[in-house]
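Trainee: Residues per chain, in single letters:
2 protein chains.
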Amino acid sequence: MTAKSDAPSPRSILAVGSMALDSLETPAGHRADCLGGSATYFGVSASYFAPVSVVAVVGDDFPSPYLDRLRHHGVDLGGVEVVQGGRTFRWRGRYGTDLNNAHTLETQLNVFERFQPRVPEVHRRAPLVFLGNIDPVLQLSVLDQIEQPPFVAMDTMNFWITSHRPALEQVLARVDLLLVNQNEAYLLSGETNLVRAAEHIRAMGPKALVIKRGEYGAALFHEEGVYMAPAVPLRDVVDPTGAGDTFAGGLIGHLARAPRHDFLAFKHAVLQGTIMASFACEGFSLDRLFALERGEIERRRHDLEKLISLR
Amino acid sequence: MTAKSDAPSPRSILAVGSMALDSLETPAGHRADCLGGSATYFGVSASYFAPVSVVAVVGDDFPSPYLDRLRHHGVDLGGVEVVQGGRTFRWRGRYGTDLNNAHTLETQLNVFERFQPRVPEVHRRAPLVFLGNIDPVLQLSVLDQIEQPPFVAMDTMNFWITSHRPALEQVLARVDLLLVNQNEAYLLSGETNLVRAAEHIRAMGPKALVIKRGEYGAALFHEEGVYMAPAVPLRDVVDPTGAGDTFAGGLIGHLARAPRHDFLAFKHAVLQGTIMASFACEGFSLDRLFALERGEIERRRHDLEKLISLR
Chain A
28 MTAKSDAPSP RSILAVGSMA LDSLETPAGH RADCLGGSAT YFGVSASYFA PVSVVAVVGD
88 DFPSPYLDRL RHHGVDLGGV EVVQGGRTFR WRGRYGTDLN NAHTLETQLN VFERFQPRVP
148 EVHRRAPLVF LGNIDPVLQL SVLDQIEQPP FVAMDTMNFW ITSHRPALEQ VLARVDLLLV
208 NQNEAYLLSG ETNLVRAAEH IRAMGPKALV IKRGEYGAAL FHEEGVYMAP AVPLRDVVDP
268 TGAGDTFAGG LIGHLARAPR HDFLAFKHAV LQGTIMASFA CEGFSLDRLF ALERGEIERR
328 RHDLEKLISL R
Chain B
28 MTAKSDAPSP RSILAVGSMA LDSLETPAGH RADCLGGSAT YFGVSASYFA PVSVVAVVGD
88 DFPSPYLDRL RHHGVDLGGV EVVQGGRTFR WRGRYGTDLN NAHTLETQLN VFERFQPRVP
148 EVHRRAPLVF LGNIDPVLQL SVLDQIEQPP FVAMDTMNFW ITSHRPALEQ VLARVDLLLV
208 NQNEAYLLSG ETNLVRAAEH IRAMGPKALV IKRGEYGAAL FHEEGVYMAP AVPLRDVVDP
268 TGAGDTFAGG LIGHLARAPR HDFLAFKHAV LQGTIMASFA CEGFSLDRLF ALERGEIERR
328 RHDLEKLISL R
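If you read the protein sequences in the order shown, they are chains A and B. With our numbering, letter number 190 in the first sequence gets 217, and the count goes up by one each step, no holes. With our numbering, letter number 299 in the second sequence gets 326, and the count goes up by one each step, no holes.
Incorrect hints may appear among the rest.
As the list claims (entries may be wrong) - With the Cβ distance kept under 7 Å, some of the chain B side facing chain A (calculated, not the full set): (1) T124; (2) T219; (3) Y243; (4) M255; (5) P257; (6) P260; (7) I335.
Just so you know, these hints were derived from the structure itself, not from any lab. A quick note: this is a predicted structure, and the numbers were derived from the prediction, not measured. Note that CB positions come from ideal geometry on N, CA and C, so glycine has one too.
Just chain A, with the same shape it has in the complex:
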């Protein structure tokens, strides 16, 4: 007996965001010029659940082994522009013992400064789209290049909320899901209360909202209700860089396999995001994400469900 016919094949995901070279200092050690970027973390995380293609830009200094690793992992790089003579976006950051907060030491936008995302023809009908944390004007240009898909999710950050508000509001009106940190939710809404912030933001457009709270978990606000998920309590946090994009990759990866996008599917998607984010934190860069085995994901889901089980 086989249940294969019950499992619909996963729908494909289009992701736009950054590809970067990160230099990191955490209490666990230092790393220079390692693989980073929102589209990278998102893509590898989502690749465990669904086909994913990435739209991004790098310079010709971007190490080809990094591209090979992504391709080998099943991430479609057809939408990645390589700027000849250009330098890749670089970020240098430090974490203290409070691993919830990164201190940016240096940002070099480089080729990212003139990034004009171009969605390859073949991906313009992707049923799920993730707009990573980039200029909302670029997020809009992606939406304008594609057929309005059934599901669009977006991320953003303090800088766009403060300085690019009108464009950001246009994107918000066109998305199904917004993922933001709690402080970003407060800045966007002008509220300092989770419930009020969520009400305010959902009135701006997104039918669903996930407020990420770092080591404290995530809160899902959906038209059918609210769901609170803890983070996986980790014994060893090596490097939290990319945890938010990895969370989004797991969440949207789960939705790509879900027959319906109802409240229950969103709850399980939040848990899948939580699980993938926990792995991201256990190694530098994408080390742990690249090395993951299916069984580890399943075991961690089992562990996470035990942490919140009332039995």
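Based on the hints, put chain B in the right spot on chain A.
Mentor: Leaving out everything else, chain B in the frame of chain A:
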């Protein structure tokens, strides 16, 4: 048909702690000399579930209507010493928009400075004991006055952790449950990671540990496993003073009714604490706790269980 015989009558709780007059400034308003103190919040919260008696000290300036209200609520004040000519412990604090952190403006210990808890003969066999946040030397003196009960829980704070460590370690070795905030857990353990801090602290004695995380909920570490509970997301937080002691009152009140103190009972006890703490935050002082109706507690439990349900 009746199921009355299935519900064992709740066991009684003995609580030692402070009774205070609080002056509060929160974004919701100001209040002067209102009812406060750890034993007060704990006692009223626990009184919804089990008989509770309080050991504390006040001055003769303590308003008798406050005592009447507590007695009317079923809190046994036989162990409350009234010092003639003495002034009651006073605390003045302010909360900004971040309601997780109180700023102490003034502390007057007054009669609390020479507090020598005396447990009335009639309460020396209480099966559940709560040692509120007082000098660990006094917590020890309470334990020495009573028959070692089946269940002892304690609270503490940064000041005792830093300045009264040897006595604190003696208490820790004799209790079943420690309740502390996350920053206190880190200070006590010397760790800055939740899992490691919990391992370290449980090795000091307590079989169970609840780490309170304010608006982010609570984590239970028990010999049988870990359980993570969110806080109730509140639309209006008026005054978070006493939320931790109210949490402890709900938690231990629940255990006083539980036939067994197993992991499952502790999980439900953590949720009961979470529920009671949420009410405490919805009014100044104990206003909301005094006015609670049984049905409100049940409805909020229903709401909280929905927030974490995977159905």
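Trainee: Does each hint hold? Answer for all of them.
Mentor: Hints, one by one, checked against the model:
1. T124: Hint on T124 (chain B): holds, closest Cβ of chain A at ~4 Å, below 7 Å.
2. T219: With Cβ-Cβ at 4 Å, under 7 Å, it holds.
3. Y243: holds, 4 Å
4. M255: holds, 4 Å
5. P257: holds, 4 Å
6. P260: Status holds, d = 5 Å.
7. I335: This hint holds: I335 (chain B) lies near chain A, its Cβ roughly 6 Å from the closest one there, short of 7 Å.
Checked against the numbered hints above, the structure violates none of them.
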